[in-house]
Amino acid sequence: MPSTQDLQQRLVSALPGAKVTVEDLTGGGDHFRAEVVSERFAGLSRIEQHQLVYGVFGDEVGGAIHALSIKTSTP
Amino acid sequence: MTDTEIREYIGQAINENEVMLFMKGTPEQPACGFSLRTSGALNALGVHYAALDVLPDPRIRSELSELSGWPTIPQLFIGGELVGGCDIVIEMYETGELAGKLGVEMPEEPEEAPPAAGADMPAQQGPIALENRLE
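So the sequence lines, in the order shown, correspond to chains G and X. Take my numbering: the final residue in the first sequence is number 352, and no numbers are missing along the way. Take my numbering: the final residue in the second sequence is number 145, and no numbers are missing along the way.
Any given hint could be a false lead.
Said to hold, decoys possible - Only some residues are given here: those of chain X computed to face chain G with a beta carbon under 7 Å:
hint	residue
1	Asp13
2	Ser78
3	Pro81
4	Gly94
5	Ile100
What the hints assert, rightly or not - Simulated coverage check for chain G against chain X, where a stretch passes if three residues somewhere in it have a Cβ under 8 Å from a Cβ of chain X:
hint	segment
6	287-295
7	328-341
No lab work stands behind these hints: they were computed from the structure. None of these values were measured; they are calculated from a predicted model. Glycine residues also receive a C-beta, built at the ideal position from the N, C-alpha and C atoms.
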């Protein structure tokens, strides 16, 4: 079962320099919310920003990570 | 239905319905909080939209995600293009961007969370036929 720390670390390693906050919405280890502030998002549409974040977890989103709520922004 | 038929059906639903929502459950009975909030935003704007429940067959969801490149449900399409999932739709609802995209007025108190599906739902035309055909 993924932890908020796992998710946080994976996002930071995929998006170096990003400021990442992950919370477990239900305490059950499967519904998460990630707030990601990264320069990588500059020039991307909101959809592309979210897809970049989803892409870090691949098939796990919808699987082990039942739900991942995302908020993205640039610094 | 074969996988190909499901995929074709999904593609057709996206192309033929100006506002097309793929969700868990129905606008009347959402089966997930994210789907509820997303259909709630559309209901609050009073737009007509088609909705398809992905739950009756797991292949609907996998084919849809393959097609859209978006891993989660709900997914909202406007004019044949993916707008986003719950977070994006709610954010766009709150900023008024969604109303603008749909060419409708914002409700009078936009700062309030969109109401859940309920008695004030606009009459739905597309969704019923869509749901029945895939079950």
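Evaluated hints:
Using the Cβ-Cβ criterion of 7 Å, the hint placing Asp13(X) at the interface with chain G is not satisfied: the shortest such distance is roughly 17 Å. Given hint, Ser78(X) at the interface with chain G, is violated; its Cβ is 10 Å from that chain's nearest Cβ, farther than 7 Å. Interface hint at Pro81(X): satisfied, since its Cβ lies 4 Å from the closest Cβ of chain G, which is below the 7 Å cut-off. Satisfaction of the interface hint for Gly94(X) is found here, the shortest Cβ-Cβ separation to chain G being roughly 5 Å, below the 7 Å cut-off.
With 7 Å as the threshold, the beta carbon of Ile100(X) stays out of range of chain G, its nearest partner Cβ sitting at about 10 Å, so the hint is violated. For the segment 287-295 of chain G, the assignment as covered by chain X is violated, since 0 residues bring a beta-carbon within under 8 Å of that chain's beta-carbons and 3 are needed. Residues of the segment 328-341 of chain G lying with their CB closer than 8 Å to a CB of chain X number 5, which satisfies the three-residue condition for coverage.
Violated hints, listed in ascending order, are 1, 2, 5, 6; each of the other numbered hints is respected by the structure.
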